[in-house]
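Chemist: Sequence:
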Amino acid sequence: MDAYIEKLRKRLRKSYDTFDDEIADLIEACKKDLEQSGVYGDLSDPLYFQAVVLYEKAYFGDNEDMEKIEKAYQSLKTSMALSGDYNGQKQSTDTNKADI
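The numbering of the sequence shown is this note's numbering, which starts it at 7 and goes up by one.
For the record, the hints were derived by calculation from the structure and aren't laboratory data. Everything numeric in this text was worked out from a predicted model, so none of it was measured. Just so it is clear, CB atoms sit at the ideal spot from N, CA and C, and this is done for glycine as well. It cannot be assumed that every hint is accurate.
[Unchecked claim] Here are the computed distance ranges between Cβ atoms for each label pair:
1) 69 / 12: 17 to 27 Å
2) 73 / 30: 20 to 30 Å
3) 22 / 89: 35 to 45 Å
4) 28 / 73: 15 to 25 Å
5) 24 / 88: 17 to 27 Å
6) 16 / 90: 15 to 25 Å
7) 13 / 81: 27 to 37 Å
[Unchecked claim] Calculated pairs, DSSO-like style, for lysine-lysine (alpha carbon to alpha carbon, straight line, at most 30 Å):
8) 20 / 37
9) 13 / 38
10) 20 / 77
11) 77 / 16
12) 16 / 37
13) 77 / 13
14) 74 / 38
15) 13 / 37
16) 38 / 20
17) 38 / 77
18) 74 / 13
19) 16 / 74
20) 38 / 16
21) 74 / 20
22) 37 / 74
23) 37 / 77
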């Protein structure tokens with residue numbers, strides 16, 4: 007998780023580790039928010055990580071663009087939930103099985 011905190015720190019334009027606990031807490035809050043919407047993934051997935059970045063930028067500190075960034079996060083979260091790629095179930099790719 008430390009590598010992701012480092013990446014998020016850079017995205018938030020923070021060069022020191024003073025806020026690492028807050029960043030880690032926001033990662034967990036975002037993951038829970040995504041799960042409550044039926045979105046499951048992991049930080050190594052670029053789109054999932056982007057959702058976490060948007061969440062962090064919206065809720066970290068005092069941000070005058072919070073509403074705009076939160077709207078972008080909500081839009082991405084909805085898109086991910088509807089795509090079926092992040093619903094926590096493996097999609098069957100076996101086309102050789104006959105329907106019975």
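Chemist: With reference to the structure, classify each hint as holding or not holding.
Modeler: To see whether the hints hold, each was checked on the structure:
1. 69 / 12: 17 to 27 Å: 20 Å, holds
2. 73 / 30: 20 to 30 Å: 24 Å, holds
3. 22 / 89: 35 to 45 Å: 37 Å, holds
4. 28 / 73: 15 to 25 Å: 20 Å, holds
5. 24 / 88: 17 to 27 Å: 38 Å, violated
6. 16 / 90: 15 to 25 Å: Cβ of residue 16 to Cβ of residue 90: about 31 Å, so the range 15 to 25 Å is violated.
7. 13 / 81: 27 to 37 Å: 22 Å, violated
8. 20 / 37: 22 Å, holds
9. 13 / 38: Holds, because 20 Å separates the two Cα atoms, which is no more than 30 Å.
10. 20 / 77: 23 Å, holds
11. 77 / 16: OK: residue 77 and residue 16 at ~22 Å, within 30 Å.
12. 16 / 37: 20 Å, holds
13. 77 / 13: 22 Å, holds
14. 74 / 38: 21 Å, holds
15. 13 / 37: 16 Å, holds
16. 38 / 20: Holds: residue 38 and residue 20 sit about 24 Å apart, inside 30 Å.
17. 38 / 77: Within the cut-off at roughly 18 Å; holds.
18. 74 / 13: 22 Å, holds
19. 16 / 74: 20 Å, holds
20. 38 / 16: Between residue 38 and residue 16 the Cα gap is close to 23 Å, so the pair holds against 30 Å.
21. 74 / 20: Given that 30 Å is the threshold and the Cα spacing comes to 21 Å, the pair holds.
22. 37 / 74: 20 Å, holds
23. 37 / 77: The hint holds at about 17 Å.
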